[in-house]
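J.: Residue strings, one per chain:
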Amino acid sequence: MQLDVRLPMGLLFLILGVILLIYGFVSDPAIYSAHHNYGLNINIASGVVFGVFGLAMLFLAKRGKNKS
Amino acid sequence: MPTILASITTLELKFVDYLIIGIYFAFVLGIGWVLRRQMTGTKDYLESGRSLPAWICALGFIGANLGAQEVMGMAASGAKYGIMTSHFYWIGAIPAMIFVAIFMMPFYYGSKARSVPEYLKLRFDEKTRGFNALTFAGMTVMSSGISMYALAKLLNLILGWNFHGCIIVSGLIVLAYILMGGLTSAIYNEVLQFFLIVFGFLPLVLLGLKNVGGWEGLKTKLMPVAENAGFASDAWTHSWSFTGSPATNPMGVEWFGLAMGLGFVLSFGYWCTDFLVIQRAMAAKDMGAARRTPILAAIPKMLFPALVIAPGMIAIAMHSMADSSFHLPAKGDSLDYDLVVPTMLSYYFPTGMLGIGLTALMASFMSGMAGNVTAFNTVFTYDIYQSYIKKDGSDRHYLNVGRWTTVFGILFSMGAAYFAAAFNNIMDVLQLVFAFVNAPLFATFLLGMFWRRTTGHAAFSGLVLGTVAAAIHHGLSLPEKAVAGIKGGWLSIQHVYPSEMAQNFWTAIWAWSTCFVITILVSLATKRTKTDDELRGLVYSLTEKIKEHDTAWWKRPAVFGTVVLLCAVVLNILFF
Numbered sequence: 001m002q003l004d005v006r007l008p009m010g011l012l013f014l015i016l017g018v019i020l021l022i023y024g025f026v027s028d029p030a031i032y033s034a035h036h037n038y039g040l041n042i043n044i045a046s047g048v049v050f051g052v053f054g055l056a057m058l059f060l061a062k063r064g065k066n067k068s
Numbered sequence: 001m002p003t004i005l006a007s008i009t010t011l012e013l014k015f016v017d018y019l020i021i022g023i024y025f026a027f028v029l030g031i032g033w034v035l036r037r038q039m040t041g042t043k044d045y046l047e048s049g050r051s052l053p054a055w056i057c058a059l060g061f062i063g064a065n066l067g068a069q070e071v072m073g074m075a076a077s078g079a080k081y082g083i084m085t086s087h088f089y090w091i092g093a094i095p096a097m098i099f100v101a102i103f104m105m106p107f108y109y110g111s112k113a114r115s116v117p118e119y120l121k122l123r124f125d126e127k128t129r130g131f132n133a134l135t136f137a138g139m140t141v142m143s144s145g146i147s148m149y150a151l152a153k154l155l156n157l158i159l160g161w162n163f164h165g166c167i168i169v170s171g172l173i174v175l176a177y178i179l180m181g182g183l184t185s186a187i188y189n190e191v192l193q194f195f196l197i198v199f200g201f202l203p204l205v206l207l208g209l210k211n212v213g214g215w216e217g218l219k220t221k222l223m224p225v226a227e228n229a230g231f232a233s234d235a236w237t238h239s240w241s242f243t244g245s246p247a248t249n250p251m252g253v254e255w256f257g258l259a260m261g262l263g264f265v266l267s268f269g270y271w272c273t274d275f276l277v278i279q280r281a282m283a284a285k286d287m288g289a290a291r292r293t294p295i296l297a298a299i300p301k302m303l304f305p306a307l308v309i310a311p312g313m314i315a316i317a318m319h320s321m322a323d324s325s326f327h328l329p330a331k332g333d334s335l336d337y338d339l340v341v342p343t344m345l346s347y348y349f350p351t352g353m354l355g356i357g358l359t360a361l362m363a364s365f366m367s368g369m370a371g372n373v374t375a376f377n378t379v380f381t382y383d384i385y386q387s388y389i390k391k392d393g394s395d396r397h398y399l400n401v402g403r404w405t406t407v408f409g410i411l412f413s414m415g416a417a418y419f420a421a422a423f424n425n426i427m428d429v430l431q432l433v434f435a436f437v438n439a440p441l442f443a444t445f446l447l448g449m450f451w452r453r454t455t456g457h458a459a460f461s462g463l464v465l466g467t468v469a470a471a472i473h474h475g476l477s478l479p480e481k482a483v484a485g486i487k488g489g490w491l492s493i494q495h496v497y498p499s500e501m502a503q504n505f506w507t508a509i510w511a512w513s514t515c516f517v518i519t520i521l522v523s524l525a526t527k528r529t530k531t532d533d534e535l536r537g538l539v540y541s542l543t544e545k546i547k548e549h550d551t552a553w554w555k556r557p558a559v560f561g562t563v564v565l566l567c568a569v570v571l572n573i574l575f576f
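These protein sequences, in sequence, are chains A and B. When you line the first sequence up against the numbering used here, it's residues 1 to 68, in that order. When you line the second sequence up against the numbering used here, it's residues 1 to 576, in that order.
Here chain A stands alone, though its shape is the one from the complex:
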């Protein structure tokens, strides 16, 4: 039984996504306007994308496992 790469990938992106989200909420909003990103809280935005991608990978890994 070979390790399915989607499993570690899903976990990694989910964990990174959660970290970005949490940090996005607790960090000082000033850091987002100091950088030239229009005050957009890029940590929350990316956190959501990372998290969703991570979950999708975990779902695919689980589905792949059920199939085999």
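Just so you know, these hints were derived from the structure itself, not from any lab. These figures come from a predicted structure and were not determined experimentally. Treat the hints with care, as some may be off.
[Said to hold, decoys possible] Result set (BS3-like, lysine-lysine): computed pairs, CA atoms no more than 25 Å apart in a straight line:
#1 LYS547/B with LYS112/B
#2 LYS391/B with LYS127/B
#3 LYS65/A with LYS285/B
#4 LYS43/B with LYS390/B
#5 LYS481/B with LYS112/B
#6 LYS65/A with LYS555/B
#7 LYS62/A with LYS285/B
#8 LYS127/B with LYS390/B
#9 LYS391/B with LYS530/B
Once you have looked at the hints, place chain B on chain A.
T.: What follows is chain B alone, placed relative to chain A:
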């Protein structure tokens, strides 16, 4: 270590950035640790057990190539040459990737050769394999060392970390995960790194584009850049329009040198014969997956200019805007284009995303290193050790040799990293090595695979003389403003090229043509040593065509490949 003149402000990392970097490396090592139980023999270790699905191989295929030169170099070229840099993708990669999938993969995968040099041994003879194995081993160690050097230099520059410490730590991490999980571990990490780069860099491009007013805004803002450099105002945003003469485009090359040197020789030479990428397709679980690997890889590859070239174009546009606070660091009397990506990262990303961006960068350097080391240990174990040193060892023995070769490969790379530090422009050296090694090799392969009359003596002499021709051309020509020496002109200066890139393209053309002509002539003058029977499965006309009746039509390489190729043509027209 050379002194670094750039004036980039050191990035300040916070706890959360370190946490992100730390978690990533824990995963990298964790994957190796989990995979280590599967590594029971050399086949698992060096060939990934030939068991991976096409999509994983495809991401590994481009991931291994998505190293230092791609991420930093393409952004640098985007700033320096504009959209013309996309030639490295749309003509410099896609057609060759489709060609290797449709025409060459059946021989690589089907011949049961375990490496590119081994294919040469089966098709020609021992000396051709030996020559290729040695030049290839040298090339991989050099490339791996260059990645290591670039990573250490970058971390030293933007984070203030110790240069020697970075070399040692990055070497140890790569060593650890390859030692445990072999080729599978390297490929899995390439897949991880691929997505990190995509998700880490896309926000950079989106924010940058918003900043300059979208693609239309970018076009307008690049006009003064082009005019200041003495070109037509839209020279930065057209890929073909100004290639009528080398003097009218920033890359200093005309359409023929571009199409022939880059689009044909260098591109096909790299994608069709470089074992570093071929190895990824050969790890696939069956012939269909092996052939789909390069085509699947071509799809994201086609869209990569948006991810790696656009940041460079945006950076140079913003740098030249009067009211912009964005500035590229200087290097001597020009700009330090290599620092486009780190400068953009520090400009747009706050703590948190900064950690992601840096992790993606580090990951790309390390997988560039790992890709070379896994190709090196396979070629050394099979083509040098098993062929010349100990022919009849047990599998256990070769597995140990493979592991020890990994250790030595990393050590040699560390040495090469310090060697690379002695040159001021590592990219030129790397391109030069490709022109010397891969360009003539592609002529050998073309003739070997498609002309059964090609003989072993011919292949060997063609390869050697093709390499010599590259050396002579390099020794007689020089890029503008360069000093004779490592950049050429060391015999005498007979021709001056407008840029290093133009010189590289023509070095490749000379190497390929010489090898091609010599191989034909010597083939006609020597007797065949292999019978048709021995060449079955190795030469096109003697191999049964693959029947694909049970494969869905859109999955067939010829159909799938043609569709992808048409998309690349459309992109060329859109940005003409």
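J.: Now tell me if each hint is right for this structure.
T.: So, going through the hints one by one against the coordinates:
1. LYS547/B with LYS112/B: This hinted pair holds, its Cα atoms lying about 19 Å apart.
2. LYS391/B with LYS127/B: holds (16 Å)
3. LYS65/A with LYS285/B: Distance ~18 Å between LYS65/A and LYS285/B Cα, so the pair holds.
4. LYS43/B with LYS390/B: Given pair LYS43/B, LYS390/B holds - Cα atoms ~18 Å apart, limit 25 Å.
5. LYS481/B with LYS112/B: The hint is violated at about 49 Å.
6. LYS65/A with LYS555/B: holds (24 Å)
7. LYS62/A with LYS285/B: holds (21 Å)
8. LYS127/B with LYS390/B: holds (17 Å)
9. LYS391/B with LYS530/B: holds (22 Å)
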